[in-house]
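A.B. asks: Full structure from sequences and hints, please.
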Amino acid sequence: MSANNDEIHHLLNQDYKQGFVTDVQSETFPAGLNEDIIAKLSKVKNEPAFMLDYRLKAFRHWQTMPSPDWAQLNIEPIDYQAISYYSAPKSKDNAPKSLDEVDPEILEAYKKLGIPLAEQEQLAGVAVDAVFDSVSVATTFKHKLQEVGVIFCPISEAIREHPELIKHYLSSVVPVGDNFFAALNSAVFTDGSFVYIPKGVRCPMELSTYFRINASNTGQFERTLIIADEGSYVSYLEGCSAPQRDENQLHAAVVELVALNDAHIKYSTVQNWYPGDKEGKGGIYNFVTKRADCRGENSKVSWTQVETGSAITWKYPSCVLTGNNSVGEFYSVAVTNNLQQADTGTKMIHIGKNTKSTIIAKGISAGKAQNTYRGLVKVIKNAENARNYTQCDSLLVGDQCGAHTFPYVEVKEPTAQIEHEATTSKISEDQLFFCQQRGLSAEDAVSMIVNGFCKQVFKELPMEFAVEAQALLGLSLEGSVG
Amino acid sequence: MLEIKELTVNVGTKEILKGLNLHVNAGEIHAIMGPNGAGKSTLSHVLSGKAGYEVTSGSVTYNGKDLLEMSAEIRAREGVFLAFQYPVEIAGVTNVYLLKAALNAIRKHKGLSEVDAMDFLTLVKSKTRALEMDEKFLYRAVNEGFSGGEKKRNEILQMAMLEPQLCILDETDSGLDIDALRIVADGVNALRAENRAFIMVTHYQRLLDYIKPDFVHVLADGKIVKSGGAELALELEEKGYGWLEQA
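Same order as they appear, the protein sequences are chains A and B.
Quick note on numbering that gives the first Met the number 0: the first sequence kicks off at 0 and runs consecutively.
Quick note on numbering that gives the first Met the number 0: the second sequence kicks off at 0 and runs consecutively.
Hint data in this document are derived by calculation from the structure and do not stem from the laboratory.
Check the hints yourself; a few may be wrong.
[Said to hold, decoys possible] Listed below are the simulated DSBU-like cross-link pairs for lysine-lysine, each with C-alpha atoms no more than 30 Å apart in a straight line: (1) LYS64/B to LYS225/B; (2) LYS355/A to LYS377/A; (3) LYS225/B to LYS458/A; (4) LYS17/B to LYS99/B; (5) LYS458/A to LYS99/B; (6) LYS107/B to LYS454/A; (7) LYS135/B to LYS454/A; (8) LYS225/B to LYS454/A; (9) LYS135/B to LYS458/A; (10) LYS135/B to LYS425/A; (11) LYS99/B to LYS425/A; (12) LYS367/A to LYS352/A; (13) LYS458/A to LYS64/B; (14) LYS377/A to LYS352/A; (15) LYS458/A to LYS411/A; (16) LYS99/B to LYS454/A; (17) LYS150/B to LYS454/A.
C.D. replies: Rendered as structure tokens:
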């Protein structure tokens, strides 16, 4: 391979910067999964009885389900009995009441990640819920949000304090038995964020959750539930990272969004779980079910994701367009390098009349990575005037990686209009040489070309996140045409 | 400015340049002509630092420095500019963004501060007008969906913006209709300066009707086999290259 190719390889092979381990005392359940463990989990979280029933029902259902194998992924069999389902930093009380009670080591860990919880509380206009292994350790700006009636708290707290909302909405978008990982999550989820925006309220700040896996041999099973009541608006951001470890760790989350009449939810993710090393050892298995129900008329949900981490990503943030005139959007950048694998995309289910959906998916594959877009656009009978526009673009960096596109379209309604565009391109040595001949370093050239490729998606991200995403993309790709 | 001595270059195991000599002073325009396969593009690529060429012997000195030691981007920042025969397309990256990034990379190398955004816009707009290009081109992705003539004009725009010292034009006339050729030639002529030199690599004499060279060299089988003034080009046009190769 030529000098240029070596250079690109070098650029893509930068180290994972969030791979440190925080030394905190934890209470961790022994590995294994059975009804006793689930009962213990429910007890330790002080949950009302209905939750234990819910969890056991999910567990029993999960036991009947086979692990899915339809994705374009090579997955080592997972031993679910070898994982611990609960790990929480020990603290005086079960849940810290204020930042002063949070273990300083944990605050330090978040500071290293660029999320100083203490300063955040005073300075930035972003409210943060920080989830460390199985529990939420701190939620900032809670009181300020309460003034306008917004509930933003750990979901375990919502289960205790707002059981009526939980009973009504939990699993109303992703049913317990929806899929293998959703069922597992329903049985064992430990924490996550809960958001409720009351009628007519425009949430005064960005809400954000930062997920951190720290303990080894544990899984993180978080659950997020966001309800936007009539005429409300919220923008929610999610970030993730994990220490560098040799063994794979499982992250199986479920996110449910409900948008009622005229409500708008904007959900942005920058996912940077540990991707494993260059030989493919270690890394997070990121198996996530994300779904939004645009339940109300004129409701709108926008998913924007930048997926750079994880050894394996299996994720399809979807919109069920139930309400008339509802709108679903999906903007995605998925980057895979080395031996990473991603099978990601979306589902847009058109049920109401005059519903619209837009899908812009950008896959970047480098090293020996495999990147798959899988999407479903479904228009049921009588979903009159449904419209969808899909654009899937793949960028290959080097000649040992792969890009795959599986668009499924099911239309039962003659008035539907569906458009699909797809391209595959490659960062060529000629492009690199051209940029270098104009004075740019190879590193800046790759970053410029990749950012150009992702522009349509980055412009959907909130400002601060867009900057972070661009930087992250540079890091993930350091080292790649081969 | 540029001194090429006994340059021998291999591509794979094949020897393409076989002891080439060339001396270029600031302010001069040299045309390199020759039959297909003589090594014209190889010369352009080796001078601009493209990978895949192995220099087996000889030297290239540029402004007193060893050019072959420099990476492609350092050569560019030192003032070597290649106008490509086949300009590449870069989706999603606007022309204006590329120009600014390139200009700043070069300024940084010279120890200058980044260009002021307003000054940059004023500059780039005036250069665009001079090349009879629509300002809209600035906000389109680099060369994406450009016609052959537009791509070549875009190369000249980059040259005008970056103000290089040594400009290498690789078959810039290929694929141009007569109007585009005139605009490109006007652009190049406007850039002629005391401190700037040009090497124009071309198969046809046509371009030389518009850009008058000081010297014409014939490259055949990896060497300069004949050098002369502008009149040599006309002779070549009349007789072809055959008589030189046999000599």
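A.B. asks: Between the alpha carbons of LYS458/A and LYS64/B, is the straight-line distance 30 Å or under?
C.D. replies: 44 Å, violated
A.B. asks: Starting from LYS135/B, check that the Cα of LYS454/A is at most 30 Å away, please.
C.D. replies: The hint holds at about 19 Å.
A.B. asks: Would the pair LYS64/B and LYS225/B pass a check requiring their Cα atoms to be no farther apart than 30 Å?
C.D. replies: 27 Å, holds
A.B. asks: Does LYS454/A sit within 30 Å of LYS150/B, going by the straight-line distance between their CA atoms?
C.D. replies: 23 Å, holds
A.B. asks: Quick one, are LYS99/B and LYS454/A close enough, alpha carbons at most 30 Å?
C.D. replies: 17 Å, holds
A.B. asks: Straight-line Cα separation of LYS225/B and LYS458/A no greater than 30 Å?
C.D. replies: Given pair LYS225/B, LYS458/A is violated - Cα atoms ~57 Å apart, limit 30 Å.
A.B. asks: Run the distance test for LYS135/B versus LYS425/A: straight-line Cα separation, threshold 30 Å.
C.D. replies: Since the Cα atoms of LYS135/B and LYS425/A sit roughly 26 Å apart, the hinted pair holds (cutoff 30 Å).
A.B. asks: Given the hint that LYS135/B pairs with LYS458/A, does the C-alpha gap stay at or below 30 Å?
C.D. replies: 21 Å, holds
A.B. asks: Would the hint linking LYS367/A and LYS352/A be met if the CA-CA limit is 30 Å?
C.D. replies: Violated - the C-alpha atoms of LYS352/A and LYS367/A are around 44 Å apart, more than 30 Å.
A.B. asks: Are LYS458/A and LYS411/A close enough, with their CA atoms no more than 30 Å apart?
C.D. replies: Violated, at about 33 Å.
A.B. asks: Are the Cα atoms of LYS17/B and LYS99/B separated by 30 Å or less?
C.D. replies: 39 Å, violated
A.B. asks: Are LYS225/B and LYS454/A close enough, with their CA atoms no more than 30 Å apart?
C.D. replies: Measuring from Cα to Cα gives roughly 51 Å; hence the hint is violated.
The structure fails to meet hints 3, 4, 8, 12, 13 and 15 from the earlier list, while all remaining hints are met.
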